[in-house]
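Line by line, the protein sequences are chains A and B.
Numbering (our numbering) for the first sequence: 1 to 208.
Numbering (our numbering) for the second sequence: 1 to 208.
In short, the hints are calculated from the structure, not lab data.
C-beta atoms are modelled at their ideal positions from N, C-alpha and C, and glycine is treated no differently.
Away from chain A, derived, C-beta distances all over 10 Å, residues of chain B:
no.	residue
1	Pro45
2	Arg46
3	Gly48
4	Asp51
5	Lys60
6	Asp64
7	Pro87
8	Gln108
9	Asp119
10	Gly139
11	Thr144
12	Ser147
13	Val150
14	Arg151
15	Thr154
16	Val174
Straight-line alpha carbon distances no greater than 20 Å define the calculated DMTMM-like cross-link-like pairs of lysine to aspartate or glutamate that follow:
no.	chain 1	residue 1	chain 2	residue 2
17	B	Lys201	A	Glu135
18	A	Lys201	B	Asp172
19	B	Lys112	B	Glu157
20	B	Lys6	A	Asp166
21	B	Lys88	B	Asp64
22	B	Lys160	A	Glu193
23	A	Lys131	A	Glu158
24	A	Lys88	A	Asp51
25	A	Lys164	B	Glu193
There are 2 protein chains.
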Amino acid sequence: MARLRKGLLLVVSGPAGVGKGTVNAALMAKHPEIKMSVSATTRAPRPGEIDGVHYFFKTKEEFDRMIGENAFLEYMQVFGMNYYGTPKSFVESEREKGNHVILEIDVQGAMKVREACPDAVLVFIAPPSLKILKERLVGRGTETQESIDVRTATALEELKMLPKYDYMVINDVVEEAVGEMEAILTSELLRTERNTNLIMKLTGGETV
Amino acid sequence: MARLRKGLLLVVSGPAGVGKGTVNAALMAKHPEIKMSVSATTRAPRPGEIDGVHYFFKTKEEFDRMIGENAFLEYMQVFGMNYYGTPKSFVESEREKGNHVILEIDVQGAMKVREACPDAVLVFIAPPSLKILKERLVGRGTETQESIDVRTATALEELKMLPKYDYMVINDVVEEAVGEMEAILTSELLRTERNTNLIMKLTGGETV
Numbered sequence: 001m002a003r004l005r006k007g008l009l010l011v012v013s014g015p016a017g018v019g020k021g022t023v024n025a026a027l028m029a030k031h032p033e034i035k036m037s038v039s040a041t042t043r044a045p046r047p048g049e050i051d052g053v054h055y056f057f058k059t060k061e062e063f064d065r066m067i068g069e070n071a072f073l074e075y076m077q078v079f080g081m082n083y084y085g086t087p088k089s090f091v092e093s094e095r096e097k098g099n100h101v102i103l104e105i106d107v108q109g110a111m112k113v114r115e116a117c118p119d120a121v122l123v124f125i126a127p128p129s130l131k132i133l134k135e136r137l138v139g140r141g142t143e144t145q146e147s148i149d150v151r152t153a154t155a156l157e158e159l160k161m162l163p164k165y166d167y168m169v170i171n172d173v174v175e176e177a178v179g180e181m182e183a184i185l186t187s188e189l190l191r192t193e194r195n196t197n198l199i200m201k202l203t204g205g206e207t208v
Numbered sequence: 001m002a003r004l005r006k007g008l009l010l011v012v013s014g015p016a017g018v019g020k021g022t023v024n025a026a027l028m029a030k031h032p033e034i035k036m037s038v039s040a041t042t043r044a045p046r047p048g049e050i051d052g053v054h055y056f057f058k059t060k061e062e063f064d065r066m067i068g069e070n071a072f073l074e075y076m077q078v079f080g081m082n083y084y085g086t087p088k089s090f091v092e093s094e095r096e097k098g099n100h101v102i103l104e105i106d107v108q109g110a111m112k113v114r115e116a117c118p119d120a121v122l123v124f125i126a127p128p129s130l131k132i133l134k135e136r137l138v139g140r141g142t143e144t145q146e147s148i149d150v151r152t153a154t155a156l157e158e159l160k161m162l163p164k165y166d167y168m169v170i171n172d173v174v175e176e177a178v179g180e181m182e183a184i185l186t187s188e189l190l191r192t193e194r195n196t197n198l199i200m201k202l203t204g205g206e207t208v
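For reference, chain A alone in the conformation it holds in the complex (with noise of 0.2 Å):
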């Protein structure tokens, strides 16, 4: 089906300690044909980073030169000293093969994504509740109490941006919020407008 549709842009955002990047994980392992957007920064590398696969590094000046061509689907700058990009070429060269990326992305960047690319699909992973989020946080045993607090305020103000998204998919169990994903990416797939060239096929090529 590559050449009749193409993959699906996942954005991903949710609050520090809801699990994310486990459950991303654990969907990419199951779907080879799921890849994890590269980001670009102007950081340096760290040992064992590696250019291409942990992020595309780039010199500031490299940076700006693909802002002034459009060339990211969003970008920042941190603290007022590295930037941090997602390239548009990466995430559209594996959406042609009929690939799909996931973008673990935070609010504002997913409402640039969102604009920058009507077609992406935005799904919002949230805690059972802010009480589960911050026991998970203590669990952890590496918060200080100050660094938990300042994550579960964070947390609410995330979790009042849910009706900008798509779909919000409950990290309870992991295995179960896999399976939402899951059934997020096959529906997605399966909707009319993504479908335009096998209608067509269908058809002979005439629609109303």
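On the provided structure of chain A, position chain B as indicated by the hints.
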């Protein structure tokens, strides 16, 4: 979740011979929470038909009164004789319980239901090709050549309406079509606009 979220109204169309009855029956056999909509009609019951199970049998006067009370999602008169309609009350009471309702209906009826019920989910069950649909009709051994030609021509007209539906499911292998219907149900229930109550609960009532 029944109290947090209404069930779905699934409007299912597809050409004669495509196997939509088989797909829907298999889906309902797996999911007792899915109910088939019961139509109202002015025609006389046939032997064995039970009021409220096969149809709601109505007099012409009762049917007219229901039209006046805006009690139908859609209705039509067949061949200038009997009336058939979809009573809102059955669909709404099942959805309020958290059950899903399937409404098998032709493309004109589906368009009327979409207007009366904007949160309905419209699914078109399509054959892998018109050629295969024709082969299935021939395979039945009960259709005349003329009837096959008429049905194939009607099928093409119906397929042209595909872009007006939300989803298309190709009925090639029944089990796969059923799996796709299940994915549509699962993912539609995850749509943020169907979960405003849950979102309110998560955020303590605040959203942007």
